[in-house]
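Student: If you read the sequences in order, they're chains P and G.
The first sequence begins at 9 in our numbering and counts up one residue at a time.
The second sequence begins at 2 in our numbering and counts up one residue at a time.
Simulated from the structure, these hints should not be mistaken for lab results.
For every residue, glycine included, the Cβ atom is placed at its ideal position computed from N, Cα and C.
There could be a bad hint or two in this list.
[As the list claims (entries may be wrong)] Now the stretches of chain P that chain G is said to cover, found in silico as 3 or more residues with beta-carbon under 8 Å:
#, region
1, 196-204
2, 330-337
[What the hints assert, rightly or not] Label-pair restraints from in silico Cβ distances:
#, chain 1, residue 1, chain 2, residue 2, range
3, P, 536, G, 21, 24 to 34 Å
4, G, 322, P, 369, 54 to 64 Å
5, P, 89, G, 70, 26 to 36 Å
6, G, 70, P, 96, 50 to 60 Å
7, P, 96, G, 132, 38 to 48 Å
8, G, 125, P, 63, 35 to 45 Å
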Amino acid sequence: MEIKNFVWRALLLCMALLTALPILAVFAYVFVPSAEVWEHLAATVLSDYLLNTLYLSLGVGIGVLLLGVPLAWLCSMCEFPGRAWFEWLLLLPLAMPAYIIAYTYTGMLDFAGPVQTSLRELTGWGYGDYWFPNIRSLTGAILMLALVLFPYVYLLARAAFLEQSICVLEVSRTLGCNQWQSFFRVALPLARPAIITGLSLALMETLADFGTVQYFGVTTFTTGIFRTWYGLGDHAAASQLAALLMSFVFILLLLEQASRRRARYYHSSSKYAQIKRIPLKAWQAWWAVFFCSLTLLLGFIVPVTQLTSWSIANWRTQIDSSFLTLIQHSLGLAMAAAVFALILALILGYGKRLSPSPLVSLAARLASMGYAIPGTVIAIGVLIPFAWLDTQLNYLSQSLFNSKLGLLFSGSLFILLFAYNVRFLAVSLQTVEAGLGKIKPTLDNAGRSLGLSPSAVLWKLHMPLMKGSLLTAILLVFVDVLKELPATLILRPFNFNTLAVRTYELASDERLAEAGLPALMIVATGIIPVILLSRSISRSRAGGSL
Amino acid sequence: MSQLMLSQVEICYGNTTAVHAVDITVEQGQIACLLGPSGCGKTTLLRAIAGFERLSQGSINLNGQVISTPQSTLATEQRNIGMVFQDYALFPHLSIADNIRFGIRKQPTKAQQQRVKELLELVSLPGYEQRYPHELSGGQQQRIALARALAPKPALLLLDEPFGSQDTELRESLAREVREILKQEGITALLVTHDQHEAFAMADEIGVLQAGRLQQWGSAYELYYQPQNAFVASFIGQGSLIAGQIIDATQVETYLEPLGYTTPAALHSDKVTVLIRPEHVQLSRQTDASALITSKIFRGNEYLYTLELANQEQLLALCSSEQIYAIGEKVAVNLAERIYAVVNREVN
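The whole structure should be built from the sequences, with the hints applied where relevant.
Tutor: Here's what the structure looks like:
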């Protein structure tokens, strides 16, 4: 037993350290001098990176709050026509990667796009006769990101409003608050930790965004890292930028963890009563419907319609053998990464259950930190150690066998799978742990007392009970990998393309209409987890009524 | 003067009527209680008084002012009604002082502080101003919830199962404590509970509610010894209901012996049910004994026996622990009391 425990713990710790490797590699470079390039950066673009990243985060933060919180309140506490539909439809923008919505709106709003064209037709204006807002700007990037990231705040705020003891709101009524005062004095402060959690998740995505800002020409840390790594070829300076970005991420991570802890205290009741929604009066109800539909239209329906029309116009010329290879690559890669992540998550999850200790918990925490780290940072974080390893191996084989092995790790799919696992292990670990958590330890004991061996307990009890969670874990990672852009872009082997990369390349070449089909396919797969999410929401509703 | 008056109150949810034609009057300074099994409509009634539910018939009158009719419902926040919930519903983001201050936030700060201090002393938690709800035990949270509801000096205090989340052993003593606080403040209160011990310990008068109808309104003593119908007879306390036949204005014939009776309610026929409390049943060993002991429960100072009479009727008997009978033994039954409560045969 002692040795078994030791082996478990060693294994878990190794896994955790491997997952933390990219972060360690990035921070290790902080101490490597790269004076010239760094000075050049500091003198020229560093303040741009800083300010743009700051403005972007600030803008997106305000945007997701202004959209997410009111929508959550309307959908959880008020009654108006179509509320039950909006409640889950408003999750759909989550299926839309920010870079795709950015390409779509650019295509729609630029000079040759349908909006400006019809404007000219209507008014008879020509080029230069009128002013039209440029979507490819910092403001544009803020709008795009806010439109697809607000569901994080919406989702968590909504859950918080629903979880609040209805008695707390009623008690504030008996103490002289009307409905709106109750909202601002009680409901909103109680939901604050959840809202902050949602906000920090949205901001982590904002910091991680590469596709949108790159396309809009907004120079932020992610584009800066990319440029310094490839354009200037200075790995140390790129790593130092990455380390700087990481410190912002860590602040968000701390904020998120702290507000999750705080939320526990804010959990006000164990007794749930059916929520009596406030029926909105005629004009209020119309405003609510208008607000919900506008958000849904801009965040999902309009871009999807545009993508669909592009796809219909172009599919004949696009679907050929290279396109099929593209799909094959994307699906195969995503599936492999998802299965790989599931296996790791199972090992970590079971390790935590079977041999719980502070060390194991720490290992699991460390291993699941990757979800906060931007793909660009992970990419260079894995490239640094594996490129070094390849160089050493080649040096060795050169001297021993007088032949080169090539880029065994850093030039193959291995490094891509590794990076995906660093980034998305948290997703599958969380799902697996939630599934395991639902199986009470007494059930294991009951199984053992009825003559099952430990492995039989696993196969006969846990597997059937966890089937749903395992499938969900695979699905979630699958979709995330399919959408992932910056890490794939940096780490893919030569000539290896995926849907996301192809969309990026076509859009960068200003062939937006052709980017429609691969983009639409990514969005379509992205809808699957949204449906899963909305199903689990409707289930939690059913339990919500006493 | 009556502080709270409900007349012919009816409350509907869609097609189901949760409360039927209820009349209640509570005098100034009295503590009243609505007692009934879960789903009887008592919480609905309480919520209607608080202004959370709309009436479909009747009216509610508080302190001489009509506050609810089917046509209009005065908003909760304008009723001057305090409420204590089963889960206390303290605001977790506010300190204890801010929780108590919540209802009197428009008063001058000095007055607020004074009132907070006064109330914390009243509920025996002085010096707790800066604590937070999650740092308090369940019983302490409950007392703070009470203090918070009392702060604005409400015209009426409503308590919704206020001791429901406490241990059974604690409930009675807590109820007595709360009663003393309310009496000290001269508060008119209405309590809702399903636990009769809680009701007995706390209330001056009690209304028994079943299936949305008020079955009886009276003191605990009246409910126990003079139930108006079979439901109240079986819901309050322990006892046995046996068949009876009215002989004349003072006597009712039963299988055991003719008994004296009170007729509190209108009797529909001369075939009735007689309530016999276990403490009135005396057992003895006799040769021609016919009642069979089928089970017994040790209650400390007493044994509770279940008997089966020769006509298959069941009877409960409470005997001191010194009198011991065995299961299967046959005993003679003698009734100690002269007057018994008689109710209609059918349970409505």
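Student: Give a verdict on every hint.
Tutor: Against the structure, the hints come out as follows:
1. 196-204: holds (count 3)
2. 330-337: Violated, because only 0 residues of the region 330-337 of chain P bring their Cβ atoms closer than 8 Å to Cβ atoms of chain G.
3. P:536 to G:21: 24 to 34 Å: Distance hint for residue 536 of chain P, residue 21 of chain G is violated at roughly 51 Å.
4. G:322 to P:369: 54 to 64 Å: 56 Å, holds
5. P:89 to G:70: 26 to 36 Å: Holds - the Cβ-Cβ distance for residue 89 of chain P and residue 70 of chain G, about 29 Å, lies within 26 to 36 Å.
6. G:70 to P:96: 50 to 60 Å: Hint violated: Cβ distance 39 Å, outside 50 to 60 Å.
7. P:96 to G:132: 38 to 48 Å: Given range 38 to 48 Å: holds, Cβ gap about 41 Å.
8. G:125 to P:63: 35 to 45 Å: At roughly 55 Å between Cβ atoms, residue 63 of chain P and residue 125 of chain G fall outside 35 to 45 Å, so the hint is violated.
In this structure, the hints that do not hold are numbers 2, 3, 6 and 8, in rising order.
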